[in-house]
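Chemist: If you want the building blocks of each chain, they are given just below.
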Amino acid sequence: MSTSFYGPLDPAPDAGWTDAPPRKGFFTDTSICIGCKACEVACKEWNAVPDDGFTLLGSSYDNTGALGASTWRHVAFIEQSPASDVLNRVGDSALTGDRNALGTDTTKVDLGMPSFDLPGMAVGADGRTDFRWLMASDVCKHCTHAGCLDVCPTGALFRTEFGTVVVQDDICNGCGYCVPACPFGVIDRRVGEKGVTKNEGIAQKCTLCYDRIGDGLTPACAKACPTTSIQFGDLDELRERAEQRVEAMHAQGISSARLYGEDPTDGVGGVGAFFLLLDEPEVYGLPPDPVVTTRDLPEMWRKAGLAALAMLAGAVAAFAGGGR
Amino acid sequence: MSGEPGTRRRKGGGGREHGEQPMVPPAEFTSYYGRPVVKASPWEHDIPAYLFMGGVAAGSSLLSAGADLTDRPVLRRTGRIGALVGLTLSMLALVKDLGRPERFHHMLRVAKPTSPMSVGTWILTLYGPFAGLAGTAELLPPRLRRTLPGRLLGWSARPAGLTAAVVAPAVASYTAVLLTNTATPTWHAAHRHLPFVFVGSASAASGGLGLLAAPLSEASPARRLAVAGAVLELAVERHMEAGMGITAEPLHDGHAGTLMRASKALTAAGAVGAVLGRRSRLLSAVSGAALMAGSACLRFGVFEAGQASARDPRYTVVPQRERVEQHGRTRSV
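As you go down the protein sequences, you meet chains A and B in turn. Heads up: the first sequence begins at 1 in our numbering, then just goes up one per residue. Heads up: the second sequence begins at 1 in our numbering, then just goes up one per residue.
Source of the hints: derived by calculation from the structure; they are not laboratory data. The beta carbon of each residue, even a glycine, is placed where N, CA and C say it ideally should be. Careful: at least some of the hints might be erroneous.
With a straight-line Cα cutoff of 27 Å, these simulated DSS-like cross-link-like pairs (lysine-lysine) come out [unchecked claim]: (1) A:Lys198 - B:Lys264; (2) A:Lys194 - B:Lys264; (3) A:Lys44 - A:Lys223.
Away from chain A, derived, C-beta distances all over 12 Å, residues of chain B [claimed, not checked]: (4) Leu139; (5) Pro141; (6) Ala269.
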């Protein structure tokens, strides 16, 4: 059993794999995502994931909502315009005292007038409007220190030889502990009709296409992505590529570009599926500073042990007090 | 809920009770359409019900073992039967809450110290048979006691009851770790204190059961355990909230807030009644019932508060953002 709760490490050898292949992962470059949702569709098709409802959520083009038991890729759509920027400015200065610190500074004027030109007619810098549309395909992070895996009481969640985290459908008994343990809100228990819905009552999430990568194939979402926003490969290589991409973007003046989850010294030991973002993580619904809950578990056990001793001592004292 | 993504919203700080000062100024934060960042547990009311009943069972095992050794037959009987009933209902609740109840035994495949639920499974596996044996011995009809199995059961009741009592405190305290070892903001933020709150609550509830059922001539130890538990629970809970920042808010707001206020009132009243009712069977019994109700409210209140904290992205984002502003991003090395 591994005792490594925290800090940088290579998860597959740490979990006991000998001769593990290089750690695999995703680099999702949101700056080139076009919001086509091919990743969502390809994932559903390949993994035979049931529908998660056909509702219109009123959140831009996002009618999927969030990652969940039946949504293993989720494309977020964020519309940013000067109207919301006014609110941003108030919020940013209240939060940080520095408007530019969050990288969302845009000093623009929106006349709010409809245009007679066709959208996209104007080209070049002059044709740009004040409106910014962020799109990002979210996925299970396959953490180095995975809270879901740590707390799973059946061993249904396991670490693969590729360093990814996968649920064994025939082992999981649907205790649901992994759900609140995930600092990213990824994994969930599938709701559906008993005996009808596939894997109803069982925890479900992205497997990084364990069945495909074992055969040397690319995961369905990355394969289907038409812009290479989703890149699959050896994590080391992806990290290098991501560094270069961020440097190039900074050189182009896009100072808001930043990597998310690539750092092996962060609170979850770095993630296997990391991102290039153009705004703060919480704008995309991601936690700004996630920490695996298990980091604090040794202290929790110590406190629980002390509390148990206190209770035992209290009971002994209650009887030692004498009297009827 | 703001419909505008990537915008900052202020959640009204005006709803605070008793004119308390907010522990931190209301913070601005960004979310994605106000949707949660972390997921609330899929657990239903079976889980807080288990927290309560498991606590009653644990404390009752301690009381019945002591009563057995100090010749208090009614308190012993109450404790053993209380533990048996609490344990049985706990098991039913735990299995019912599974997504696949028929696979409950998959819990026994592994033993994982990193999983409080796995540790709890093994604690209950150790505790259950002994508590069950002692409880069954009390319930055995007199005509069966003379049979060989009946005599064996009667003979094993004391060692079984004592063994259950040794494991019982772990039953009462591990459930705190079960909740706090999650990304649920209000639960995790309570991790240094919740085990003490929970053993206090278990002591108060089981002592309360003793006061409810045992005559005055036998009730002193139950009274002392109940009052000590209630004081521990109330004092540590107060201290706990003071150190939780904004994640303490869900313990005051909404349904969870109502439950927590009810818990404090019932527990305090029950403790006072237990002290004053030393010579009154009726006041002792009423106080015992109040302490049990207070414990149940506490478990449901803490559970609901955690669920509410997970559903509002504010409680995930703001503490993390503040941490980053003050100390920079979390780094392990």
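Chemist: Each hint needs a verdict: does it hold in this structure or not?
Modeler: Consistency of the hints with the structure:
no.: 1; hint: A:Lys198 - B:Lys264; verdict: violated (45 Å)
no.: 2; hint: A:Lys194 - B:Lys264; verdict: violated (41 Å)
no.: 3; hint: A:Lys44 - A:Lys223; verdict: holds (13 Å)
no.: 4; hint: Leu139; verdict: holds (23 Å)
no.: 5; hint: Pro141; verdict: holds (29 Å)
no.: 6; hint: Ala269; verdict: holds (21 Å)
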